Every structure is written in C-alpha cells, then in structure tokens.
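S.K.: One letter stands for each residue in the lines below.
Number of protein chains: 2
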Amino acid sequence: MADRYVLISTDSHAGLPAAGYREYVDSRYHREFDAAQAEAEAMREAAENDDHSKFLREWNAEIGQHGGMKGAWDPAVRTKEMDHDGVAAEVIFPDADAAGVGGVARTPFTAGLGSTGSDDAELTLAGAWAHNRWMAEFCRNSPERRAGVAIVPVHDIDAAVAMIKWSAEHGLRGGIMIPTAWGSLPSYNHPVYDPVWAAAAATGMPVHTHSGVGPNDYGVTPGLIAIYTVEAYWWAARPLWALVLGGVFERHPTLKYVLAENGAWWAPDIISRMDSKWEGDHATRKFGPAAFRSGLTMKPSEYVNRNCWYAASVMFNTEIDRRYDIGIDNLMWGSDYPHPEGSWPNTRSWLAERFGRVPEGEVRRILGLTAAQVYGIDLGALAPTVRRVGPTVADIHAAAAS
Amino acid sequence: MADRYVLISTDSHAGLPAAGYREYVDSRYHREFDAAQAEAEAMREAAENDDHSKFLREWNAEIGQHGGMKGAWDPAVRTKEMDHDGVAAEVIFPDADAAGVGGVARTPFTAGLGSTGSDDAELTLAGAWAHNRWMAEFCRNSPERRAGVAIVPVHDIDAAVAMIKWSAEHGLRGGIMIPTAWGSLPSYNHPVYDPVWAAAAATGMPVHTHSGVGPNDYGVTPGLIAIYTVEAYWWAARPLWALVLGGVFERHPTLKYVLAENGAWWAPDIISRMDSKWEGDHATRKFGPAAFRSGLTMKPSEYVNRNCWYAASVMFNTEIDRRYDIGIDNLMWGSDYPHPEGSWPNTRSWLAERFGRVPEGEVRRILGLTAAQVYGIDLGALAPTVRRVGPTVADIHAAAAS
Numbered sequence: 045m046a047d048r049y050v051l052i053s054t055d056s057h058a059g060l061p062a063a064g065y066r067e068y069v070d071s072r073y074h075r076e077f078d079a080a081q082a083e084a085e086a087m088r089e090a091a092e093n094d095d096h097s098k099f100l101r102e103w104n105a106e107i108g109q110h111g112g113m114k115g116a117w118d119p120a121v122r123t124k125e126m127d128h129d130g131v132a133a134e135v136i137f138p139d140a141d142a143a144g145v146g147g148v149a150r151t152p153f154t155a156g157l158g159s160t161g162s163d164d165a166e167l168t169l170a171g172a173w174a175h176n177r178w179m180a181e182f183c184r185n186s187p188e189r190r191a192g193v194a195i196v197p198v199h200d201i202d203a204a205v206a207m208i209k210w211s212a213e214h215g216l217r218g219g220i221m222i223p224t225a226w227g228s229l230p231s232y233n234h235p236v237y238d239p240v241w242a243a244a245a246a247t248g249m250p251v252h253t254h255s256g257v258g259p260n261d262y263g264v265t266p267g268l269i270a271i272y273t274v275e276a277y278w279w280a281a282r283p284l285w286a287l288v289l290g291g292v293f294e295r296h297p298t299l300k301y302v303l304a305e306n307g308a309w310w311a312p313d314i315i316s317r318m319d320s321k322w323e324g325d326h327a328t329r330k331f332g333p334a335a336f337r338s339g340l341t342m343k344p345s346e347y348v349n350r351n352c353w354y355a356a357s358v359m360f361n362t363e364i365d366r367r368y369d370i371g372i373d374n375l376m377w378g379s380d381y382p383h384p385e386g387s388w389p390n391t392r393s394w395l396a397e398r399f400g401r402v403p404e405g406e407v408r409r410i411l412g413l414t415a416a417q418v419y420g421i422d423l424g425a426l427a428p429t430v431r432r433v434g435p436t437v438a439d440i441h442a443a444a445a446s
Numbered sequence: 045m046a047d048r049y050v051l052i053s054t055d056s057h058a059g060l061p062a063a064g065y066r067e068y069v070d071s072r073y074h075r076e077f078d079a080a081q082a083e084a085e086a087m088r089e090a091a092e093n094d095d096h097s098k099f100l101r102e103w104n105a106e107i108g109q110h111g112g113m114k115g116a117w118d119p120a121v122r123t124k125e126m127d128h129d130g131v132a133a134e135v136i137f138p139d140a141d142a143a144g145v146g147g148v149a150r151t152p153f154t155a156g157l158g159s160t161g162s163d164d165a166e167l168t169l170a171g172a173w174a175h176n177r178w179m180a181e182f183c184r185n186s187p188e189r190r191a192g193v194a195i196v197p198v199h200d201i202d203a204a205v206a207m208i209k210w211s212a213e214h215g216l217r218g219g220i221m222i223p224t225a226w227g228s229l230p231s232y233n234h235p236v237y238d239p240v241w242a243a244a245a246a247t248g249m250p251v252h253t254h255s256g257v258g259p260n261d262y263g264v265t266p267g268l269i270a271i272y273t274v275e276a277y278w279w280a281a282r283p284l285w286a287l288v289l290g291g292v293f294e295r296h297p298t299l300k301y302v303l304a305e306n307g308a309w310w311a312p313d314i315i316s317r318m319d320s321k322w323e324g325d326h327a328t329r330k331f332g333p334a335a336f337r338s339g340l341t342m343k344p345s346e347y348v349n350r351n352c353w354y355a356a357s358v359m360f361n362t363e364i365d366r367r368y369d370i371g372i373d374n375l376m377w378g379s380d381y382p383h384p385e386g387s388w389p390n391t392r393s394w395l396a397e398r399f400g401r402v403p404e405g406e407v408r409r410i411l412g413l414t415a416a417q418v419y420g421i422d423l424g425a426l427a428p429t430v431r432r433v434g435p436t437v438a439d440i441h442a443a444a445a446s
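So the protein lines, in turn, are chains B and X.
Under this note's numbering, the first residue of the first sequence carries the number 45, and numbering increases by one thereafter.
Under this note's numbering, the first residue of the second sequence carries the number 45, and numbering increases by one thereafter.
Honestly, the hints are just simulated from the structure, not real lab data.
Keep in mind that this is a model prediction, so the values were computed, not measured.
A couple of the hints might just be wrong.
Which copy is meant is left open, so a pair is good if it fits within one copy or across any two.
Derived EDC-like pairs (lysine to aspartate or glutamate); straight-line CA-CA distance at most 20 Å [unchecked claim]:
1. Lys343 - Glu275
2. Lys114 - Asp78
3. Lys124 - Glu406
4. Lys330 - Asp78
5. Lys330 - Glu275
6. Lys330 - Asp127
7. Lys330 - Glu85
8. Lys114 - Asp200
9. Lys330 - Glu92
10. Lys330 - Glu106
11. Lys209 - Glu92
12. Lys98 - Glu213
13. Lys98 - Glu346
14. Lys330 - Glu385
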C-alpha cells in the first residue's frame, strides 16, 4: 500500500433511528423512553423553520444517492460509503443526526454528545447502556474497520468503571466518551475521578470529550447561534486543562485523552500560557509561584504532547498551517460522517484541497498512522481495504503540484 | 514634545484604604459596611500562607522607596510615581490592591473588579456610589492627568443610566466599568441593556469590562490557581462577542467598548471565526445561514475595528508581534499601576525592552495617541508634563538599535 493513504477517520458518528433503540433500553425504562421520544419529536417539529427546511431539502438531495442517513445504522450502506470516501477505518461516536435530518439516530435520553454532568444520572446511564450494547453489535461487522466509542457517564464512579471494563471486553476499541461539560458534578481535575482514569489507562481505552455543548447563560437572545459557534470550542476545551493542570497525567502517565471535533487552532496559544505560568512569569508572582507547579513534575506542554490528541475532524487551514505548533503527532483527521459539516460525500476532493501542499510523510501521520497507534488499529488487517479504496498519493497531491 | 513619548496608561488602579471608604458610603449602609470589612479582614488573614507572605515582603521592599501603596489614594504620591515612570496621564479603575498587599483599596461591598451580575443589587450599587464619589474628588486634582472610570452595576437599568449621567457631569472622563460577568442577569446581547449603551454613547463614555472574574464551577480542586489564570482571559472576553454578535454596535454605532487588562493575543483568531461564520462557512449551513447575519449589516471584525479597543496593560510580546492582526489602532498600553503584575516601578526599562524594536510611529499610537482619542484627553494640556517626564525616543529605542 505504498502508493495509497491509510485514511482513519477519528471523528465519525453512528446510531439507530430513534425508535430502534427501544429494544436496547432496559425494559424498566420503556415508559420514560416513549415519553422522551414523543417530547423530542414535538420539539423538533416546533423548532422547524424555513431556513432549516431549505437546508434539509438540499442536504437530503445531496446524500440521496449515498444511502441518505441509512449508513448511520446499516453496516452494508456504511461500508459502501466508507469505500466511496476512501476511508479504511473509523472511530465511531454516537449521534449520527446532528442536524435534525429527521427522526434518526438520537441516543436515548440524550445520553450522547449533548450530555452533561447535570443530566439525570439514572436515565443517562440507561441511555448510555442502550447505545453501547447496540454499538458493540454494530462493530462486530467489520471489526477491523470500526472502533466504536462507548458513552460513559460519570455521575457514579463505580458504574463508570464497570462500563469501561464491559466496553473493553465487548470490543469497543474506540475508547470512551465522557460528558464534555461536567455541569453540576466535580470538575475533571478532582481526584474523585481517579478510578475512571485508572480503568481507562489499564484497558488502553482513550478517553474522549466531543464538542457540542454550549453556554447555558444566554437565554434566547439576539445572536445566540453565532455566539454558540464562537464559544463551543471553549466549552469543549476546558477538560484539557482541568486534566493537565489537575495533575491527572502525572498520576496516570499512560492515560490517553482525545479532544474530538474541536479543532486545534486554539491549542498552541493556550498551552504556551500554561507553560509560561508553570515557569513562573511576571504575572504569577502575586499568587506564590508554587501554586503553578503543585503536582506537576513536567511542563504542561509535555503532558499534552505525551497524553493528548486532537481528533480535529475535517480540519481547516488554520490547523494545517499550525501543525508543528500543535504537534505533528498529536493532530488527527476525521470525516465527521454522516454530519453535514463534515467532508462526506466529498472526502477525496476535500483532502486534495486541504492536504495537497503538505509533505506526504506528514499527511500520512495526520490522516491515519497516528490514529492507528492511539487506537491500536491493525494496519495489516486493513491493508486489503487500503489497497482497494485508499486515495493514492497522486489523488491527494497532483492538483497542488500542477 | 517631538522627541518625547506621550505615555497614557489605559489600565491603572486607585482606591482608598478599606476603612477610608466609610465616609463615602451612604450612612444607611454603615452597619453592612462594618460587617463586610470585618469579614473581609478575617478571610484575608485565613488565606495567608508562607508563599504569599514571602512575596509580600519582597514586593513591599521593592515599592517601599516609591511610597508603597500610598499612591493608590494620595494624589501627591501618585503624581510623583507617574513622573518616575514617565506616565503623562492614566485611565483609573478601582481596586488598587489586587494582591492582598494589606488592607488598602478594597472597593466597598466588592463592587469593583470582582463584581458580577449575581451580586446583591442594593449593596453593589451602594459600593459603586461610594467609590465613584471618591474617584470624582480624586480626579479633580490634576484632571488633565487623571481619567477616572465609574463603576456602573447593571442590575437596575434606570440606576445605571442615572449613574452614567452623574459620572459624566462629575468629570469621570475614563468612562464606565460594568461587571465583566453578567452572572444571573441577562447576557449583554440582550436588548434590555440598550438604555445603558445609549447613555454611554450619548455622553461619549467608553464602556469597559476589566479582567478578574474567573470560573465558579471548580470548587477547591488541584491546580485551581493555574486553571484560573488560563481561563480568566476567556471569562473577560465573553462580553466582546455578546456585544458584537448581539448587534449592539449596529444599534449604537458611536458606542466605545474597551476590554481592560485582558491582553489581545486571542482576538484575531476569535474574530476571524466570527467573520467566517458571518460569511457562511461550511459548518454554518446546518443552522441556516441567516442566523449568523441577523441584525448585523457589517462583518463582526468591522464592528470591532470601529467600536472596540484593548487596554492590553503591560502587554506581552505576543500582542506586539500580532499588532497588525489585532488592529494597530485598537491596541493600547497600560502600566497596571500599582499592581505587582504591572510595570511599576520599572516602566521605563520595561517599555524599552518591549517596544525598542517597534517603529516609532506605531509605538506612539499604542502608548498614548490612540488612548488620547478614545478618552478625549487634551494633549495640549499634557504637553508640559510630557516635556518634563516623558521617555525620549532614544530612551525606548537606543538599546534595541545598538
């Protein structure tokens, strides 16, 4: 496969049509499940507007010849679309329907991307179990190409640890996703979470947070959607410094943490600020410099380089331009399939446009080889797929070279 | 004054020793004032630790020959220190004692830098009135060199508008400071604040937020102080996009907004994201692109360039390196006098080190000329002071040129 790229999408999504989850939900929660489904459907209809309807018509027309949303839960359609896009393997998060494309793929009890530590502990756990059971089944078809991510709520530490072990035993090699916002729970620098980090490190399961949650203090005010898109990256980045500055990677040196779909353009500035404080810059002296080193034997950037990765999805030129500052081996690509803000169904041309000018060796790491290491993906098992569908070096670089 | 720089510090602080405010507080709040003083003093003593005590000894030794903290409230000492540092004029915020230097200069009822919209409305207003009355008196000594900033809580819109008018009539030419965190109040993109913006625009009073508030969801957890210093800039930056994306500068085209002591290194990235969304990038389509332009006839960056400034205090090399991206006419210097994270009592050498390599014309704007325009400072009235104490062009650039 010397002339082919190994594409591993570190940000993809899958999930059942909403009603399909019912059989995976513990039957004692069926009444709550039915009520939540009805409420979600009513909310979706109430929120519909001309602008969004127009987008849905256009998007559904665009993906119609690509199985529409079916690839979110149908392994045959999904595999065909992966082949179409040249993707050899993927790390699979929940919530395939991020755009209200219509009734599909909502994690029960919204236990997926939008979940926070403020949500109902019992129902969130029930929703997570339902999704994880289904996801384990889903990945059993082509396990070499599918690394499913388990949803792991952290209200109950013992339950979280048990779920991590179950997920590892049931082949969810994508690792775990905890709520991006801790909400009313302790922040992630609190030692109460140490058993979770220990279980993830022991099983080799990368811990993820995925962007999606936003601010909760704006109400319905002018500019809200624009403000949400400006702030979303920040809310999704907070766990990074909670973990680093809270000494979590000092105590768990083999723990892997991945920030999914949150870009990485912001990382060098913020990490260099952390280092500057750790080193004791002029502004730290009034606090007493020891406060900045407590529990950290290395500089913050050293923990980040060793323990943290960015699943930066389709990636913009900013990430590519800053790839050395971000860390060339900490940056991973993802198609965000099947979300409309991703590159599907035009991943091949998208990659040529973005990466044509980047040296081949670096592109290989960003598009797949780093992910193979982080997730323990067997490149040998992928080789036949790569030979068949992987984009060639010429596919990616020919236009930029001409 | 052709060979001298006009230094205008857009971030300085003044305030009375805590007990001194008592006579400025409305007498019906004296009981609450005394109780709050006692509580604050007890908290300060309880929080003392060896690391901070060591810093205090060093800092007090360093500023001892410069009047110590006396310049925070004594006009003669302050003027002498401004002369020592080469500062012709300053914009003066509350809370001179940001480091617990000892019992001085705490705004009553913590109505100053740390105030949020969640604080008690009545006491915060009482504290603000006390400080503003004192500040108006303080600026009457050398009014050409002192532009005092009025504290304006925004719990009660009518009271805020009345206070803006009073402040304008009583010579507080520095403008107004609103709480950086709206807390439980509506966010600053809410139209409820329009009378405040209108009053500020009508009187030509720049509106400020000043860094200081931090997150409130960490509790007492490992790494808290380091996390605070990483996050503080973000909490202090939120009003910028609330105002811009909420259409405030569309409705109030002459309103001036200044972010004080929050650097500006972060601004180009975030503003270019706002522009990208306004222009309708790939990721916006699922929301319906109209949501990003609602109420905004210009690009976000155009409002920022026209209506917003950064009082970036002592400024780090990052701001200086990025000055064109930030906006060469939107960036202003400040000494942060008398805070220990500022440049006092070494402002002259600090400036030479930071600005020696920057072309003279640009340095003039950043160090004073832009501030003179924003705050309507009379350069003619300052000229004798500048001729006497202003750093010469050689002072700033000689070392870098050699």
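S.K.: Checking Lys330 and Glu275: alpha-carbon separation at most 20 Å within a copy, between copies, both or neither?
M.R.: between (30 Å within a copy, 17 Å between copies)
S.K.: Since the copies are identical, ignore which copy is meant and state whether Lys114 and Asp78 lie within 20 Å (CA to CA) inside a copy, between copies, both or neither.
M.R.: neither (23 Å within a copy, 69 Å between copies)
S.K.: As a check of your reading, is Lys330 near Glu106 (CA-CA no more than 20 Å) within one copy, between copies, both or neither?
M.R.: between (58 Å within a copy, 13 Å between copies)
S.K.: Checking Lys330 and Asp127: alpha-carbon separation at most 20 Å within a copy, between copies, both or neither?
M.R.: neither (58 Å within a copy, 25 Å between copies)
S.K.: Reference check for the pair Lys330 and Glu92, CA-CA at most 20 Å: within, between, both, or neither?
M.R.: between (53 Å within a copy, 12 Å between copies)
S.K.: One pair to classify: Lys98 and Glu213, alpha carbons no more than 20 Å apart. Within, between, both, or neither?
M.R.: Neither: 44 Å inside a copy, 54 Å across copies.
S.K.: Is it within a copy, between copies, both, or neither that the alpha carbon of Lys343 lies no farther than 20 Å from that of Glu275?
M.R.: between (27 Å within a copy, 18 Å between copies)
S.K.: Up to 20 Å between alpha-carbons, please classify Lys114 paired with Asp200: within, between, both or neither.
M.R.: Neither: 34 Å inside a chain and 54 Å across chains, both beyond 20 Å.
S.K.: Pop the pair Lys98 and Glu346 into one bin, within, between, both or neither, using alpha-carbon distances up to 20 Å.
M.R.: Neither way: Lys98 and Glu346 sit 47 Å apart in one copy and 29 Å across, limit 20 Å.
S.K.: When Cα atoms must be at most 20 Å apart, do Lys124 and Glu406 count as within-copy, between-copy, both, or neither?
M.R.: Cα proximity of Lys124 and Glu406: none, with 27 Å in one copy and 58 Å across.
S.K.: Cα distance capped at 20 Å. Does Lys330 pair with Glu85 within a copy, between copies, both, or neither?
M.R.: between (54 Å within a copy, 18 Å between copies)
S.K.: When no copy is named, should Lys209 and Glu92 be tagged within, between, both, or neither for a Cα gap of at most 20 Å?
M.R.: Classified as neither: same-chain Cα gap 41 Å, cross-chain 45 Å, threshold 20 Å.
Violated hints for the displayed structure, listed by number in ascending order: 2, 3, 4, 6, 8, 11, 12 and 13.
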